[in-house]
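Colleague: Protein sequences, first through last, are from chains A and B. In this text, residue positions in the first sequence follow this note's numbering: the first is 461, and each later residue adds one. In this text, residue positions in the second sequence follow this note's numbering: the first is 30, and each later residue adds one.
Check each hint, because a few of them may be wrong.
[Stated by the list, open to error] Pair ranges (Cβ atoms, derived):
no. : chain 1 : residue 1 : chain 2 : residue 2 : range
1   : A       : Pro624    : B       : Tyr104    : 28 to 38 Å
2   : B       : Ala64     : A       : Ser477    : 39 to 49 Å
3   : B       : Ala70     : A       : Arg560    : 28 to 38 Å
4   : A       : Asn501    : B       : Gly57     : 49 to 59 Å
5   : A       : Val625    : B       : Glu115    : 38 to 48 Å
[What the hints assert, rightly or not] In silico contact screen, one side only, chain A against chain B (beta carbon under 10 Å); selected entries:
no. : residue
6   : Gly492
7   : Pro624
8   : Asp628
9   : Val631
10  : Leu638
11  : Glu641
12  : Leu655
13  : Ile658
14  : Gly659
15  : Tyr661
16  : Asp677
[Unchecked claim] Over 12 Å on every C-beta distance to chain A, these chain B residues come out as not near it, computed from the model:
no. : residue
17  : Gln49
18  : Ala60
19  : Ile79
20  : Ala96
21  : Asp109
22  : Leu129
Keep in mind that the hints were calculated from the coordinates and are not lab data. Even glycine gets a Cβ: it sits at the ideal position worked out from N, Cα and C.
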Amino acid sequence: MRSDLAFALRGVGTAVSGTFALRDVSFELPTGYVMGLIGANGAGKTTTIRCLLGMRPIDTGEIELLGHRLPGPVDLRQDVGVVFDHAHLVGDWRLVQVERTLRPFYERWDGVRYRQLLDEFGLDLRAKVKDLSRGMSMKLMIAVALSHHARLLVFDEPTSGLDPVARDELVGIIGDFLLDEGRSVLFSTHITADLDRIGDYVTLIHDGRIVRTGTKDELLDAYRVVRGGPDDLSGAVGVQLIGVRRTSTGAQALVRTEEADLLGGNVLIEAPTLEEIAVHVGARVPRRSPDPGAESHRDADPHPAAEPHHGAGPDHGAGPDHGASRHEPDSSMSTKGIA
Amino acid sequence: MRVVLSNSSGVPLYQQIKEQVGTAILSGELAEGDALPSVRALARDLRISIITTTRAYTELAAEGFIATVPGKGAYVLPLDSALVREQLLRQVEDGLQTALDAARRAGLQRDDLIQILDGLIQAERHDAGSGVPSDSGAVR
Numbered sequence: 461m462r463s464d465l466a467f468a469l470r471g472v473g474t475a476v477s478g479t480f481a482l483r484d485v486s487f488e489l490p491t492g493y494v495m496g497l498i499g500a501n502g503a504g505k506t507t508t509i510r511c512l513l514g515m516r517p518i519d520t521g522e523i524e525l526l527g528h529r530l531p532g533p534v535d536l537r538q539d540v541g542v543v544f545d546h547a548h549l550v551g552d553w554r555l556v557q558v559e560r561t562l563r564p565f566y567e568r569w570d571g572v573r574y575r576q577l578l579d580e581f582g583l584d585l586r587a588k589v590k591d592l593s594r595g596m597s598m599k600l601m602i603a604v605a606l607s608h609h610a611r612l613l614v615f616d617e618p619t620s621g622l623d624p625v626a627r628d629e630l631v632g633i634i635g636d637f638l639l640d641e642g643r644s645v646l647f648s649t650h651i652t653a654d655l656d657r658i659g660d661y662v663t664l665i666h667d668g669r670i671v672r673t674g675t676k677d678e679l680l681d682a683y684r685v686v687r688g689g690p691d692d693l694s695g696a697v698g699v700q701l702i703g704v705r706r707t708s709t710g711a712q713a714l715v716r717t718e719e720a721d722l723l724g725g726n727v728l729i730e731a732p733t734l735e736e737i738a739v740h741v742g743a744r745v746p747r748r749s750p751d752p753g754a755e756s757h758r759d760a761d762p763h764p765a766a767e768p769h770h771g772a773g774p775d776h777g778a779g780p781d782h783g784a785s786r787h788e789p790d791s792s793m794s795t796k797g798i799a
Numbered sequence: 030m031r032v033v034l035s036n037s038s039g040v041p042l043y044q045q046i047k048e049q050v051g052t053a054i055l056s057g058e059l060a061e062g063d064a065l066p067s068v069r070a071l072a073r074d075l076r077i078s079i080i081t082t083t084r085a086y087t088e089l090a091a092e093g094f095i096a097t098v099p100g101k102g103a104y105v106l107p108l109d110s111a112l113v114r115e116q117l118l119r120q121v122e123d124g125l126q127t128a129l130d131a132a133r134r135a136g137l138q139r140d141d142l143i144q145i146l147d148g149l150i151q152a153e154r155h156d157a158g159s160g161v162p163s164d165s166g167a168v169r
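Go ahead and model the full structure; you've got the sequences and the hints to work with.
Modeller: Pasting the structure below:
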């Protein structure tokens, strides 16, 4: 157990359905920082968070949360604040009742702080949960988490469905929360713009596996976006094109930084944004053929999760980097998909 | 302390912070002993990551501009005149190198460059209204 970690997942696996599972998920967050967990819908973000919070049993691996190995002591939940996409509170409760109901569960409940936060967030104690807008109910959940003095805030898709003003407010709230260096934040998102600025660490998940985890700058440095004419990206030996997209005028793909120079002079090589990394890594069907014929019709469906290639996992114990080299939706995988 | 970040300059955010704080210290805008916000407060205020502000402060500290107090914040160190001179010399060298690169592309010779430099010095003196240009050695 390392107390300088807010949490760590090590080799975590859990079967969700016949076709989807988390496999060998490993990543950790040092105390005091923000981590973004990014990936497409269905990549496994929520499942990962549920495992981390002990809300879902795991088949393999271990999880450490705030210095305790899960399943930890019951009062561990005192230290964790959870903000989900949907409010888990009863719609008819007024915000006064929310406090009355939750207070007994938390030893360190701070009623003064609760009122202060509601006031700060522009929430009325007499309002009913069901009448709150999306942004408002998220703020309510944050107010609850901060009122029991959580040390770790976990948000699942906090910014989806929020307007830009509310998203900006959330960024400010997270900044205030992190003034204390003993506190940490994990949030999952498919909107990367917020993370571009405030994210310290980023973990990229695809198809139930960790593609990459590390500081945001490490992730951004690891890849390049390459663009060229329709034929410029083909045939380079030793270059793996990730999520390649071809049209009649050109082709674009993500490549590992160390491979970018092998592509030759006609190719434009640029530093990616988090969004570009997420888009290419998350691309369900890397297209090989530039013409949208019958082949691409077949392409449109097979999700990599359904590939037998993924079923057998000879990769236990592989670190995030090994995962990266094997499980990205690269062009070779698309060959398998078509075959 | 004033820090204004550009999202489109292509200069990394930590570098922008470092340069702006460094410049403020060299110009005397920030004086010895002045308190700077903590890395966490600065990250919150600028809405950027803590790693970014930490890196800016770490490098400012390594160059002798500031001292950081864990858990508290940071403050401005007394200006070391040798250090200041070294920083300024480096800026002069960088600027001249840029000029040299451009001159090479333009096909200019050594004498042309010296002439341009003399011209700039003359023009500055003229602008400053310090009267008759003289041939004394110092730039100012």
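Colleague: Taking the numbered hints from earlier one at a time, note which ones the structure violates and give those numbers from smallest to largest.
Modeller: Per hint list: 2, 7, 19 violated.
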